[in-house]
Amino acid sequence: MTTTARSAPGAARPLVFLLAALAVLAFAVLASVAFGSHPTSIGDVLRVLNGTADANTTTVIESRYPRTALGLLAGLCLAVAGTLMQGVTRNPLADPGLLGITAGASAGIVSATAFLGVSGQWGAVWWALPGALLAGLLVHVIGSAGSGTGLVRLVLAGAVVTAVLTAYVQAVTLGLPRVFDSYRYWVVGALGGRDFDVLLSVLPPAGLGLLVAVLIAPGLNALALGDESAAALGTSPAAMRAGGLLAATLLSAAATAAVGPIGFVGLAVPHIVRALAGVGFRAQIVFSAVVGPALLLLADVAGRLVLRPQELMVGVVTAFLGAPALLLAVRRMKGSA
Amino acid sequence: MTVVKIGRVIAVPVGRNGAVAAAVTAALVVVAAVATLSLGRLGIPVADLPQALFGGAEGKEAFVLGRLRGPRLVVGIGTGAALGLSGALFQTVTRNPLGSPDVIGVSAGAGAGAATAALFLPGLLPVPLGALAGAVLAMALVYVSTGAGFRNPGRLIVAGIGVSAISVAFTQYVVYAVERDRATVLMAYLNGSLSARAWDHAVTIWLVVLLTAPLVALLARRLDMTELGDELAAGLGAEPGATRTAAVSLSVVLSAAAVSVAGPIAFIALTAPQIARRLTGGPGPHLTLSALVGALLLVLADLAAQQLPIPGNLPVGIHTMAVGGLYLGYLLTREWRKGTL
Numbered sequence: 001m002t003t004t005a006r007s008a009p010g011a012a013r014p015l016v017f018l019l020a021a022l023a024v025l026a027f028a029v030l031a032s033v034a035f036g037s038h039p040t041s042i043g044d045v046l047r048v049l050n051g052t053a054d055a056n057t058t059t060v061i062e063s064r065y066p067r068t069a070l071g072l073l074a075g076l077c078l079a080v081a082g083t084l085m086q087g088v089t090r091n092p093l094a095d096p097g098l099l100g101i102t103a104g105a106s107a108g109i110v111s112a113t114a115f116l117g118v119s120g121q122w123g124a125v126w127w128a129l130p131g132a133l134l135a136g137l138l139v140h141v142i143g144s145a146g147s148g149t150g151l152v153r154l155v156l157a158g159a160v161v162t163a164v165l166t167a168y169v170q171a172v173t174l175g176l177p178r179v180f181d182s183y184r185y186w187v188v189g190a191l192g193g194r195d196f197d198v199l200l201s202v203l204p205p206a207g208l209g210l211l212v213a214v215l216i217a218p219g220l221n222a223l224a225l226g227d228e229s230a231a232a233l234g235t236s237p238a239a240m241r242a243g244g245l246l247a248a249t250l251l252s253a254a255a256t257a258a259v260g261p262i263g264f265v266g267l268a269v270p271h272i273v274r275a276l277a278g279v280g281f282r283a284q285i286v287f288s289a290v291v292g293p294a295l296l297l298l299a300d301v302a303g304r305l306v307l308r309p310q311e312l313m314v315g316v317v318t319a320f321l322g323a324p325a326l327l328l329a330v331r332r333m334k335g336s337a
Numbered sequence: 001m002t003v004v005k006i007g008r009v010i011a012v013p014v015g016r017n018g019a020v021a022a023a024v025t026a027a028l029v030v031v032a033a034v035a036t037l038s039l040g041r042l043g044i045p046v047a048d049l050p051q052a053l054f055g056g057a058e059g060k061e062a063f064v065l066g067r068l069r070g071p072r073l074v075v076g077i078g079t080g081a082a083l084g085l086s087g088a089l090f091q092t093v094t095r096n097p098l099g100s101p102d103v104i105g106v107s108a109g110a111g112a113g114a115a116t117a118a119l120f121l122p123g124l125l126p127v128p129l130g131a132l133a134g135a136v137l138a139m140a141l142v143y144v145s146t147g148a149g150f151r152n153p154g155r156l157i158v159a160g161i162g163v164s165a166i167s168v169a170f171t172q173y174v175v176y177a178v179e180r181d182r183a184t185v186l187m188a189y190l191n192g193s194l195s196a197r198a199w200d201h202a203v204t205i206w207l208v209v210l211l212t213a214p215l216v217a218l219l220a221r222r223l224d225m226t227e228l229g230d231e232l233a234a235g236l237g238a239e240p241g242a243t244r245t246a247a248v249s250l251s252v253v254l255s256a257a258a259v260s261v262a263g264p265i266a267f268i269a270l271t272a273p274q275i276a277r278r279l280t281g282g283p284g285p286h287l288t289l290s291a292l293v294g295a296l297l298l299v300l301a302d303l304a305a306q307q308l309p310i311p312g313n314l315p316v317g318i319h320t321m322a323v324g325g326l327y328l329g330y331l332l333t334r335e336w337r338k339g340t341l
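So the protein sequences, as listed, match chains A and B.
Per our numbering, residue 1 is the first one in the first sequence, and the count goes up by one each step.
Per our numbering, residue 1 is the first one in the second sequence, and the count goes up by one each step.
The set of hints was computed from the structure by calculation and includes no laboratory data.
Note that the Cβ used here is the ideal one computed from N, Cα and C, for glycine as well.
Watch out, some of these pointers could steer you wrong.
[What the hints assert, rightly or not] Chain A is nowhere near these chain B residues, computed Cβ spacing over 10 angstroms in every case:
id	residue
1	I166
2	I318
3	G324
[As the list claims (entries may be wrong)] Here are a few chain B residues that face chain A, going by a calculated C-beta distance under 10 angstroms:
id	residue
4	L119
5	F120
6	L121
7	P153
8	Q172
9	A177
10	S195
11	T245
12	S249
[As the list claims (entries may be wrong)] With the Cβ distance kept under 7 angstroms, some of the chain B side facing chain A (calculated, not the full set):
id	residue
13	R67
14	P71
15	V74
16	A133
17	R155
18	G162
19	A169
20	Y330
21	L331
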């Protein structure tokens with residue numbers, strides 16, 4: 001009796017949180033469709049869905065569908081990638097943006113477009129992947145030089161790689177303005193100005209990454225107990241780590257190809273998710289898939305409202321929201337390095 | 001080791017290595033300056049340069065010297081020196097080779113302040129003051145966020161990355177709000193640029209450098225003592241706490257002045273003191289040499305920005321970010337492998 005009384009709220013609580021998160025996500029989607037430079041209301045959205053709105057309003061509302069869908073996908077990818085990376089590396093500062101993976105994906109896309117004559121979204125997406133992988137490996141190699149690896153080393157190596165790659169991306173996009181006119185907003189990280197074609201083109205890597213993430217979640221739970229326990233439970237720690245990082249890279253590359261380098265979603269969401277979902281990885285991934293899109297869409301809506309009728313790119317808004325999360329995490333860092 | 005004395009108060013120990021390195025660096029700055037003025041399609045031939053400089057220039061030469069490259073060069077030298085000096089002071093205080101204003105977010109904060117002053121409050125707040133306010137705010141934010149002041153090197157760097165990100169986001173917000181999406185304006189405030197500088201920029205930066213230089217010289221010996229450890233320094237009468245506060249203040253002022261005339265140019269403040277330390281091989285902050293190396297690095301980077309056949313007229317900040325980033329990566333792997341960082 002007492003055990004049920006004690007375990008029942010513990011089991012029910014994540015479910016309540018999940019429902020609450022889903023409600024926030026639903027609100028974020030509605031808000032993303034309803035708010036923009038042309039003022040419409042949530043009531044208008046409902047009328048469009050009924051089919052009772054006038055043609056003008058319908059066009060305005062429907063023009064916001066692609067960016068909302070992109071926000072959902074990118075938020076999901078970034079949040080799940082961050083959760084995987086923080087789980088696999090046991091590093092609370094792991095984030096595709098901080099560890100150079102997003103910058104690598106950008107550099108890959110920009111190189112392919114500028115020098116390999118790859119044109120169109122469908123070709124460019126797959127070039128994000130080698131860029132992301134190479135940058136991730138490079139950060140790892142620099143960060144683990146010599147004896148011992150620390151959180152700070154990886155973050156610092158990530159900052160260095162990001163700086164160099166950002167300089168490269170800016171140099172190429174500034175130097176070839178005709179090629180990169182459509183990339184001007186993408187370079188900062190923005191949801192607007194892209195269409196459903198972009199979404200479809202990144203679905204394969206995103207889907208693949210998500211599939212791997214779900215498949216290896218039980219293995220990651222074992223890994224959290226320590227390498228030896230994981231091996232005793234029949235999972236290979238090295239394989240799990242490689243799988244987790246590969247999935248995270250696929251997801252980050254897909255998100256970057258779709259909406260540009262957006263930082264701090266992958267950093268902040270896992271911290272929220274761990275507080276809500278507890279330690280199980282399957283639950284963490286499900287929660288990330290809900291909280292990430294909600295956060296990104298709300299950030300995008302905020303960006304549309306603060307400078308109306310101009311827009312603030314969502315990458316700028318997430319930095320505002322996410323960087324303080326980094327500052328809060330700093331205080332919890334242990335030791336001197 | 002000899003000691004150069006100026007009056008009774010200032011006594012700067014000068015190693016022979018240091019003096020030679022300083023002389024060579026200064027000579028290289030002159031060479032780079034001559035190259036800046038004489039290379040390229042609009043350059044003044046070296047043979048005509050003395051005549052143009054001292055005999056009064058006319059026509060095209062007057063335009064190149066007085067408008068196009070002269071101010072840019074003078075601003076570049078002053079800014080580089082300010083950044084080098086600022087980095088040397090900060091790195092000495094934090095006892096952390098990576099604790100320089102551009103890594104821990106002070107430069108980015110100054111950039112945000114400069115953008116706010118120039119775009120949101122044009123005419124109300126002078127840009128250098130805005131940069132100073134931004135730099136102080138960013139530094140305070142880093143100091144508070146670490147929960148341990150500047151003492152914990154790891155936290156200092158991660159907090160700096162966070163504060164940089166906030167500052168960059170704020171700068172982007174200001175630029176998008178006022179200038180819409182003019183890429184060149186954004187570049188100037190985010191990466192730093194020396195193109196289209198005027199003589200009043202040169203006056204600003206040199207005024208700050210020349211006013212702070214004697215104060216830095218006064219501080220140099222005490223700063224050397226603080227490197228021995230707080231107790232020993234206090235025993236020698238160096239008042240370590242006050243010395244550090246003074247050094248950080250001077251460093252922030254120099255950094256803000258540099259940013260207000262040229263934008264947050266990356267990695268000069270970080271690398272110049274490192275190179276200076278390697279040139280002399282001795283301990284200590286090497287303030288003069290850091291300033292000279294900083295000037296040399298920035299003039300060379302700007303020479304590359306002007307003369308390299310890269311399309312798009314990249315601002316100098318992108319060059320320093322690429323090259324400085326590579327150098328930092330090399331430095332990190334080497335030091336970590338040796339276990340000295």
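Can you verify the interface hint for L331 of chain B: is its Cβ closer than 7 angstroms to any Cβ in chain A? violated, 9 angstroms
Hint A133 of chain B vs chain A: min CB-CB distance below 7 angstroms? Interface hint status for A133 of chain B: violated (19 angstroms vs cutoff 7 angstroms).
Is the interface hint for R155 of chain B satisfied, with its Cβ closer than 7 angstroms to some Cβ of chain A? Holds: closest Cβ of chain A sits about 5 angstroms from R155 of chain B, inside 7 angstroms.
Hint check, P153 of chain B versus chain A [nearest Cβ-Cβ separation less than 10 angstroms]: With a closest approach of 6 angstroms, the P153 of chain B hint holds.
Does Y330 of chain B meet its interface restraint, that is, does its C-beta lie within less than 7 angstroms of any C-beta in chain A? violated, 9 angstroms
Hint validity - V74 of chain B Cβ closer than 7 angstroms to any chain A Cβ: violated, 26 angstroms
Does the claim that G324 of chain B lies off the interface hold, with its Cβ farther than 10 angstroms from every Cβ of chain A? Its Cβ does come within 10 angstroms of chain A, the nearest being 8 angstroms, so this is violated.
Have a go at the G162 of chain B hint: is there a Cβ in chain A nearer than 7 angstroms to its own Cβ? Hint on G162 of chain B: holds, closest Cβ of chain A at ~4 angstroms, below 7 angstroms.
If I take the minimum Cβ distance from I166 of chain B to any residue of chain A, is it greater than 10 angstroms? violated, 4 angstroms
Hold the hint about Q172 of chain B up to the distance rule: shortest CB distance to chain A must be less than 10 angstroms. Holds, about 5 angstroms.
Verify the interface restraint on L121 of chain B: the C-beta must sit less than 10 angstroms from at least one C-beta of chain A. violated, 18 angstroms
Does A169 of chain B meet its interface restraint, that is, does its C-beta lie within less than 7 angstroms of any C-beta in chain A? holds, 4 angstroms
In this structure, the hints that do not hold are numbers 1, 2, 3, 4, 5, 6, 10, 11, 12, 13, 14, 15, 16, 20, 21, in rising order.
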